[in-house]
Amino acid sequence: MATAKTRALKRPGPKVAARALPADVKKTLEGLGVPIKPWDPKRIEAVLRGHLTLGELAGVSKQQQFEMAATGVKFLKDGLVDKAVQVFLGLEALDPYDAYVQVCLGSVAMEKELFEVAEQRFSRALTLNPFSVPALAYRGEVRLRVGKVKEGREDLEAALKADPAGKQPPTPRARALLEAQSAADKKPKVQARR
Amino acid sequence: MKLHHHHHHHSVNHGHHAHGTHAPHTTQAASTAAPTTAPTAPTATPLPHAATGASATGPAWCTLPAPGPEQSGPPAGQGLTKGNEFGANAIRTAGGYTIVAEGKDQAWSIYAPGQKPGDKPHTRIWGDPHVDEKDGTRWDFTNNSNFRLPDGTNISVTTTKLPGFGEGYKVSDSIDITNGFDHVAVTGLAQNKPVVGEMKTDGYGARARLEAEGAFVLGGDKSHVAWFKTDKGVVEGEITGAKMEGNAYQQTVNKESTYAVDPSLQPKVGSQAWGNMMRDQAIDVARDVFGKGSVITEITAFGAAVDHVEKNLEQQLAPLMERFSNFFTLLSRSMNLFDLFGMKQNRHAFMAS
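So the protein sequences, as listed, match chains F and Z. Here the first sequence is numbered in our numbering, starting from 1 and rising by one per residue. Here the second sequence is numbered in our numbering, starting from 1 and rising by one per residue.
Read the hints as simulated data drawn from the structure, not as lab findings. No experiment lies behind these values; they were computed from the predicted model shown. Glycine residues also receive a C-beta, built at the ideal position from the N, C-alpha and C atoms. It is possible that part of the hints are untrue.
[Unchecked claim] Derived DEER-like restraints, expressed as beta-carbon distance ranges: (1) F/Lys150 with Z/Lys193: 49 to 59 Å; (2) F/Glu179 with Z/Lys120: 51 to 61 Å; (3) Z/Asn84 with F/Glu154: 25 to 35 Å; (4) F/Gly166 with Z/Gly241: 35 to 45 Å; (5) F/Lys150 with Z/Glu85: 30 to 40 Å; (6) Z/Lys82 with F/Gly166: 57 to 67 Å; (7) F/Asp78 with Z/Asn84: 48 to 58 Å; (8) F/Ala165 with Z/Gly103: 53 to 63 Å.
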C-alpha cells in the first residue's frame with residue numbers, strides 16, 4: 001500500500017527493460033572480444049543515477065585507470081597524440097569525475113590551439129579538484145594566450161600559492177610565465193600610438 | 001625523443017581544424033573538444049608576452065605530473081570537518097550533512113544540509129538502537145551496520161551489548177565516518193561520553209576494510225526521510241519498520257518503493273563533494289562485490305599498497321583502452337545509454353562546466 005511517503009517518492013522512475021543489442025553492434029563487440037553478458041539492470045540504473053561509474057560497472061579498478069593514464073601520458077610525451085587521446089577518452093568514459101583526465105585532455109586541446117576547449121577542460125578539472133595545480137597552471141597559460149591577462153595571472157598565482165615549494169612539475173613553468181608576463185606589463189606600450 | 005611535431009605557440013592560427021586533419025570525422029577528432037561545444041576557432045590573440053620562456057619548453061603535457069588520487073580528486077581535509085555550530089562533537093561532511101554525537105541516550109543524529117541546531121534531526125539513532133526518521137517512521141537494528149548518505153559519506157556503526165540487556169538488544173558504541181581521504185571515529189557512545197577522534201587520512205583504506213552486516217542508504221527528500229536497505233549494493237526496498245527475528249532486528253521493507261533521492265540532498269553534480277561521493281561509492285561496490293580484504297577491493301582503495309610490476313604498459317594497456325573506448329562509444333551511441341532512462345546527470349557530468 002502506498003503511503004504518503006512512498007507516493008512522494010514515486011517519480012517517473014527508470015523503467016529497466018531488457019534490450020537486445022542491434023545486430024551490427026553485437027557483431028562489432030564480438031569482433032572486439034568484448035563479452036556480451038547482460039548487466040544487472042539495477043547496476044546500470046546506478047550508473048545512470050551517478051552512483052556508479054562505468055569503470056566500476058565494467059570492473060576496471062581505479063589503480064588500473066591510473067596505470068592507463070600513465071600510459072596515455074607516455075604516449076603524449078612520445079608524440080603519439082592520437083593514441084593518447086584515445087586512452088584519455090576511454091578513461092573519461094570510465095570515470096567522468098576524474099580531474100586528472102580532464103587536465104590531460106585540456107593539455108592536448110591547448111597544444112592543438114583549441115583554446116576555448118582547453119579552458120573548459122581545465123575549468124572542469126578544477127570543479128572536480130579545486131586544488132589541481134596543473135589545471136590552475138595550464139588554464140592560466142591558456143588565458144594569457146587568448147588575452148585574458150587578469151584571469152590568467154590569477155590562475156598562475158593560485159597555482160604558485162597551491163604549490164609554494166614548487167614540487168609539482170607545472171609550477172616552475174607557471175612561475176616563468178608569470179615573471180614573463182610581469183616583464184611584458186612593465187614595457188612601455190608604444191604600439192598604442194600610431 | 002619527441003616524434004610529435006607540435007605547433008609553436010606563436011605560429012599563425014590555422015583555425016578550428018588545426019590538427020583535426022588527422023581524423024577530422026572520427027570521435028577522436030571531437031575528442032579533446034568538450035562534448036557540448038563544437039571546436040570553435042580559437043580567439044588567437046598573439047601573446048602579449050612573446051618573450052615568455054614557456055613556449056620554448058614545449059607542450060604543457062611535458063610537465064604533467066604522474067596520475068594518482070591526489071590529482072584525481074580533492075585532497076585530505078576536504079571530506080570531513082570537525083566542530084561547528086552544532087558543537088564540538090559534530091562532524092560536517094563535504095556534502096553538508098552534519099553528524100552529531102549527543103552524549104545522551106547513546107544517540108547520534110544526522111542533520112540534512114541546511115538544517116540548524118535545534119531542528120528535529122533528519123534521522124536520530126538512539127537506544128538499542130532505534131532509528132527515528134524526521135517524518136515519523138521508526139525502525140531498529142541490532143548488529144554493526146553502515147549508513148550511507150547521499151553525498152557518499154559512510155557511517156559505520158559498531159554496536160555493543162550493555163549489561164542486563166536481553167539477547168538481540170545492543171546500543172551504538174562507536175561510529176566510523178569516512179568521506180574521501182578523511183576518516184574520523186567517534187567512540188564512547190555507549191557510555192554517553194562521546195569522544196571525537198583525530199582526523200585521519202586513511203578514509204579510502206578504512207572504507208574498503210569496513211565490516212558490517214547491513215547497509216542502509218539514505219534517499220527521499222528534505223521532508224520525507226527514506227532509508228533503503230541494500231544487499232551487496234543492490235537496493236532491496238525502503239525500510240518501513242523492523243521486527244525481532246532470531247536474535248536480531250530484521251528490517252521490513254517496501255519493495256515497491258523505488259530508490260530516489262532529491263537533488264537537494266545530493267552534492268551538486270561536478271562539485272568537489274560529488275567527486276568524493278563517486279570515489280567512495282566505487283570502493284563500496286568493490287567491497288560488496290569482491291568482499292572485504294580482497295585484492296580488488298584493496299587495489300580500488302586508493303593508496304593501497306600494490307606491487308606495481310613494470311611491464312610493457314604500452315603493449316598491454318593500449319589495446320585494452322582502445323577496446324573500452326570503442327566499446328563505450330558504440331554502446332552509448334547504439335543504446336543511447338544516457339537518455340535511456342531520461343537521466344541526465346551523467347550526461348551533464350560529461351559536459352564542460
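Status of the hints after comparison with the structure:
1. F/Lys150 with Z/Lys193: 49 to 59 Å: holds (54 Å)
2. F/Glu179 with Z/Lys120: 51 to 61 Å: holds (57 Å)
3. Z/Asn84 with F/Glu154: 25 to 35 Å: 30 Å Cβ-Cβ, so the 25 to 35 Å window holds.
4. F/Gly166 with Z/Gly241: 35 to 45 Å: Since the Cβ atoms of glycine 166 of chain F and glycine 241 of chain Z sit about 59 Å apart, the hinted range of 35 to 45 Å is violated.
5. F/Lys150 with Z/Glu85: 30 to 40 Å: holds (36 Å)
6. Z/Lys82 with F/Gly166: 57 to 67 Å: Violated, since lysine 82 of chain Z and glycine 166 of chain F (Cβ atoms, about 31 Å apart) do not stay within the stated range.
7. F/Asp78 with Z/Asn84: 48 to 58 Å: Given a distance of about 50 Å, which is inside 48 to 58 Å, the answer is holds.
8. F/Ala165 with Z/Gly103: 53 to 63 Å: At 42 Å between Cβs, range violated.
Violated hints for the displayed structure, listed by number in ascending order: 4, 6, 8.
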